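Using the sequences and the accompanying hints, generate a full structural model.
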Amino acid sequence: MAQIDLNADLGEGMPFDAALLDVVTSANVACGGHAGDAATMRQTVLAAKLRHVVVGAHPGWPDRRHFGRMRMEMPRAALRAALQDQVTALAAIARELDWPVDYLKLHGALANQVAEDAEMARTVGEAARAAGLGWLVMAQTAMHKVAVEMAIAHRTEAFADRSYGENGLLTPRDQPGAVLHDPDHVADRALEMLQRQALPLANGAWLPTRIDSLCVHGDTPEALALATRLRTQLEGAGWQVRALDW
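Here the numbering used here is used: the first residue of the sequence shown is 2, the next is one more, and so on.
Keep in mind the hints are simulated off the structure, nothing from the lab. Keep in mind the model is a prediction, meaning the values are calculated, not measured. Some hints here could point you the wrong way.
Here are the simulated EDC-like pairs of lysine to aspartate or glutamate, each with C-alpha atoms no more than 16 Å apart in a straight line [claimed, not checked]:
#1 K50 to D103
#2 K146 to D103
#3 K146 to D118
Next up, the structure:
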């Protein structure tokens, strides 16, 4: 049976995290950069543990005002330190709760920049390696290529609730159609992505890639409906929805 992971960004202050944890198989936990603090990290990791949901660190630019979705520039050493601080904070809480942090997945503008910039991607790869974490990468981007080059344990994800431009990168959020809201459309589109093992581009072409995980953004108002419909459709089509092995 074909298998697929279903991940969501959690611990960002949304009211339906617990319900999403009943649906997804991996939780990307905000760890103090764009969102999150010790209390939300502890609450989210404990809720994930109770449901046997795999946990990953979800660092972003340290910019709460813009929820980590505004592009920033930072010297390489400072970026590495910011990533280390966030990952270390989550890891310490996870150790207290006896539930591991298995991987790293970048948030927002930082993820988009690293998807385009190989040097930034190498900095992130170094941080993931130093922390002993796998890396959940955006498929067919600079971060994907760097993860392969650096021989870092990684898995590739596709976004169920976001559209892609002709270049294979995510459509900027300020453009129409960047965020998808209809559960049936999202589920149908995601299933086609898995069947094709490819990403749908704005020009109608498909970009071939292995897809290990599908993401639903936890801060989207329809996140719970999207994830629930998506999981139902995947399982109905014969896919086993289960967490990744890191």
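key: 16 Å limit on alpha-carbon distance, applied to hinted pair K50 and D103   = 13 Å, holds
key: Proposed proximity, D103 with K146 (alpha carbon, max 16 Å)   = 21 Å, violated
inquiry  = Just to be careful, I want the Cα atoms of K146 and D118 compared with a cutoff of 16 Å; is the pair within it?
reply    = Roughly 11 Å separates the two Cα atoms, so the pair holds.
The structure does not agree with numbered hint 2 stated previously, though it agrees with all others.
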